[in-house]
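Kindly produce the complete structure, drawing on both the sequences and the hints.
Quick note, the sequences are listed as chains B and Y, same order. Each residue of the first sequence is one higher than the one before, counting from 11 in the numbering used here. Each residue of the second sequence is one higher than the one before, counting from 236 in the numbering used here.
Calculated from the structure, these hints are not laboratory results. Using N, Cα and C, we set each Cβ at its ideal position, and we do this for glycine too.
Within a straight-line C-alpha distance of at most 25 angstroms, the following computed SDA-like cross-link-like pairs (lysine to any residue) qualify:
#, chain 1, residue 1, chain 2, residue 2
1, Y, K241, B, Q18
2, B, K116, B, T103
3, B, K139, Y, W264
4, Y, K240, B, T23
5, Y, K240, B, Q165
6, Y, K240, B, P172
7, B, K139, Y, L274
8, Y, K240, B, F26
9, Y, K240, B, L98
10, Y, K241, B, F26
11, Y, K240, B, Q18
12, Y, K241, B, P166
13, Y, K240, B, L16
14, Y, K240, B, L15
15, B, K139, B, F204
16, Y, K241, B, L15
17, B, K139, B, F52
18, Y, K241, B, R182
19, B, K21, Y, G258
20, Y, K240, B, R20
21, Y, K241, B, P178
22, Y, K241, B, W179
23, B, K21, Y, I250
24, Y, K241, B, R20
25, Y, K240, B, N13
26, Y, K241, B, D174
27, Y, K240, B, R182
Take a look, some chain B residues computed to stay more than 12 angstroms from chain Y by CB distance:
#, residue
28, I34
29, I44
30, N57
31, G69
32, S70
33, E76
34, A77
35, E108
36, T114
37, F124
38, F146
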Amino acid sequence: MLNLLLSQYRKTTILFLVLILIAILEAFEVRTSIHGNTLPYFEWLKNSSWLGIIGTTYGSVYATVEAVHLISMAIIGGTVLVADLRLLGIILTDIPSETITRGTHKVFRNALIFAVASGIFCAAGVADKVYYMPVFWIKMLALIAGSCFVFLVKQPLLNTVPHDEIRPWTLRLLAVCSLLVWFTVAATGRWIGFS
Amino acid sequence: MNNEKKWSDQEIAAIGSSVVIVGSLVLYWVLQFESTIELLELAYGSVHLFNNPLVF
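Written as structure tokens, this is what we have:
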């Protein structure tokens, strides 16, 4: 039975097991205990790591990296909007959606690498502040969920199956989910800036 | 599009993960909206458009 599930519905079974694991971890408050234990790491990141020291000492360096972070986020937003609005059939309907999703994904992937790298530097400069912000953790959860969704679920499906063989509502659901998750990452990011 | 074709593993996983993520995020933003309304009601007694509790 398990072999049949793993052979025919491998991804679905793994997704189900991951959701069960998350529910168990939440029930035993594992996330809460991990959160409490990460404070010394955040304090070290701000006060002792070279990232934190450069970020707090040289304002110009921090501003430059912050600009790279914002530009990367803008590119992510642009690629997400183009790909997902095309999947919803709103824009660029004269171009095959396969072409658009493949093309934008390469740019998205590179922009995400830049955004994460510059984001670590930016967070290091204010690590002792962001640690106490619930919205920072929401952003991290949304970022992890969004990245896993794009690289493990959405793109493998869109790259391997012709889009006219996928049910239209599945494509729309994928697009809405992607838009919502990256909107949340961007909105919570700005929320951190205004907190 | 063939509506009678079998559901593929990738498609079920895509729908399942999308529903979970969209559900969680919608719940989060609805709760944020509710707490903002409660904050405004606490500050003003009622909610009006453009009433900013930071402006006295």
